[in-house]
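Position 209 (the sequence shown) corresponds to 209 in full-length UniProt numbering; numbering is contiguous.
By construction, these hints were calculated from the structure, which means they are not laboratory data. Errors might be hidden in some of the hints.
For each label pair, taking beta carbons as the anchor points, the in silico distance ranges come out as [stated by the list, open to error]:
#, residue 1, residue 2, range
1, Pro102, Pro322, 29 to 39 Å
2, Ser198, Gly91, 14 to 24 Å
3, Ser234, Ile141, 20 to 30 Å
4, Asp172, Lys238, 20 to 30 Å
5, Ala289, Ser103, 31 to 41 Å
6, Val84, His147, 15 to 25 Å
7, Val39, Gln117, 20 to 30 Å
8, Arg242, Leu222, 20 to 30 Å
9, Asn52, His76, 29 to 39 Å
10, Arg241, His58, 14 to 24 Å
11, Leu68, Ala262, 13 to 23 Å
12, Asp172, Lys287, 21 to 31 Å
13, Thr297, Gly104, 23 to 33 Å
Remember, predicted model here, so these are calculated numbers, not experimental data. Glycine included, each C-beta is placed from N, C-alpha and C at the ideal position.
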Amino acid sequence: MIHSPSARTSTWQAGATTTLMQPTVTWPPADFIGEPSKVSTTLSAAFQLVGNIGKALHVDLTLPVTRLLSRARPPHWTTVGLTVHRSRFEGMPVWTLEAPNPSGKEVVGVHGGGVLQPLVFNWLDYASLARDTGATVIVPIYPLVRHGGTASTIVPTIADLVGAQIDHIGADHVSVYGDSAGGEILFSAVQELVRRGSPVPFRMVLSSPVVDATFTDPAIPLVNDPVFTGPVLSDLNKIARRYADGLDLGDPLVSPLNGSLAGLPPTTVYAGSRDITAPGIIALKDKAAATSGADFTFVLRMGEPHDWAIFTIFPETKAGRPYMYQQLGIAP
Numbered sequence: 001m002i003h004s005p006s007a008r009t010s011t012w013q014a015g016a017t018t019t020l021m022q023p024t025v026t027w028p029p030a031d032f033i034g035e036p037s038k039v040s041t042t043l044s045a046a047f048q049l050v051g052n053i054g055k056a057l058h059v060d061l062t063l064p065v066t067r068l069l070s071r072a073r074p075p076h077w078t079t080v081g082l083t084v085h086r087s088r089f090e091g092m093p094v095w096t097l098e099a100p101n102p103s104g105k106e107v108v109g110v111h112g113g114g115v116l117q118p119l120v121f122n123w124l125d126y127a128s129l130a131r132d133t134g135a136t137v138i139v140p141i142y143p144l145v146r147h148g149g150t151a152s153t154i155v156p157t158i159a160d161l162v163g164a165q166i167d168h169i170g171a172d173h174v175s176v177y178g179d180s181a182g183g184e185i186l187f188s189a190v191q192e193l194v195r196r197g198s199p200v201p202f203r204m205v206l207s208s209p210v211v212d213a214t215f216t217d218p219a220i221p222l223v224n225d226p227v228f229t230g231p232v233l234s235d236l237n238k239i240a241r242r243y244a245d246g247l248d249l250g251d252p253l254v255s256p257l258n259g260s261l262a263g264l265p266p267t268t269v270y271a272g273s274r275d276i277t278a279p280g281i282i283a284l285k286d287k288a289a290a291t292s293g294a295d296f297t298f299v300l301r302m303g304e305p306h307d308w309a310i311f312t313i314f315p316e317t318k319a320g321r322p323y324m325y326q327q328l329g330i331a332p
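Required output: the full structure, derived from the provided sequences and hints.
Spelled out as structure tokens, the structure:
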């Protein structure tokens, strides 16, 4: 466990920031359990090597390397046995993955990245979900930040898409699933549905969501994230500001941690202790525990990197799939 001397943190309110003194920060907290597999630690070590080389050169190598694994459309080899359709919704491309015997359940999957298209790992994940459960998976390809995508445009559009699916087949048949920046977008979109007074999806599952885009939690320097090293974190801060497009980074549309938890569907959040999004997720856990009626479950694993829950090549991820399908409400 790593300790840090007393630190300052800020609480966000519209138009005001209150600075509070906090006691000594430690990481990781006891909330995290288990241990990573050899596959997980090997992948983390590979990312750490790329990150360390980038740090030495004072450049971000992680995002360019990761971009090589991104695909705007599902590779054919990932969707064997599935029917794949492409459509558009409010000008946004949408991919639909359908099993041979659809169950009648739908999952709207919002990918992470912000600056990247879905990774090959995302498509493998979505395809496994469809094959294993019979649920139809709907994947919107939202405008990336470098193409003008902002919180004020993306979040309402994703809320519209989820709302349209609910209107079509009913809230009991629609669940939502987001990872990383996609989890941030999806969380904010469901909060938007609540603000509108619209029906919300049946279940929500989030993998390593960016719930606090300020990245100012005092525990973050202690996390030892193998993916988001110094240069990468600097790039993420720039991306977050472009995504906010003039909004305060603490605005709930950008940082859903600061939004209301009232009216949300039963929600499960996955995170690992070696992930810079994890301190924000621990803050969300504390907030949910203090919020009457908030139905949240947290799956927190020691030593796991960012987005470990989507990497079906990890034995621990594969073993946990049946539970995730239950959390999504789509288990056969």
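**Item:** Status of the given 21 to 31 Å range, CB of Lys287 versus CB of Asp172
**Value:** For Asp172 and Lys287 the Cβ distance comes to about 27 Å; the hint holds.
**Request:** Mind checking the hinted window 20 to 30 Å against the Cβ distance between Asp172 and Lys238?
**Result:** 41 Å, violated
**Request:** Indicate whether the distance between the beta carbons of Val84 and His147 respects the range 15 to 25 Å.
**Result:** This hint holds: roughly 23 Å between Cβ atoms.
**Asked** How does the Cβ-Cβ distance of Pro102 and Pro322 compare with 29 to 39 Å: does it lie in that range?
**Response** Check failed, 19 Å falls outside 29 to 39 Å.
**Asked** Between Arg242 and Leu222, is the Cβ distance one that fits in 20 to 30 Å?
**Response** With a Cβ separation near 27 Å, Arg242 and Leu222 satisfy 20 to 30 Å, so the hint holds.
**Request:** Using the Cβ atoms, figure out if Ser234 sits within 20 to 30 Å of Ile141.
**Result:** Holds - the Cβ-Cβ distance for Ser234 and Ile141, about 27 Å, lies within 20 to 30 Å.
**Val39 paired with Gln117, Cβ distance criterion 20 to 30 Å** = Since Val39 and Gln117 have Cβ atoms about 24 Å apart, the given range 20 to 30 Å holds.
**Asked** Is the gap between the beta carbons of Arg241 and His58 within 14 to 24 Å?
**Response** Since Arg241 and His58 have Cβ atoms about 20 Å apart, the given range 14 to 24 Å holds.
**Hint check for Ala262 and Leu68 - Cβ pair distance inside 13 to 23 Å** = 42 Å, violated
**Request:** Take a look at whether the Cβ-Cβ distance between Thr297 and Gly104 falls inside 23 to 33 Å.
**Result:** At roughly 24 Å between Cβ atoms, Gly104 and Thr297 fall inside 23 to 33 Å, so the hint holds.
**Message:** Taking 31 to 41 Å as the stated bounds, is the beta-carbon spacing between Ala289 and Ser103 within them?
**Reply:** 33 Å, holds
**Request:** Evaluate the given range 14 to 24 Å for the C-beta pair formed by Ser198 and Gly91.
**Result:** 21 Å, holds
The structure is inconsistent with the numbered hints 1, 4, 11, although it conforms to all the rest.
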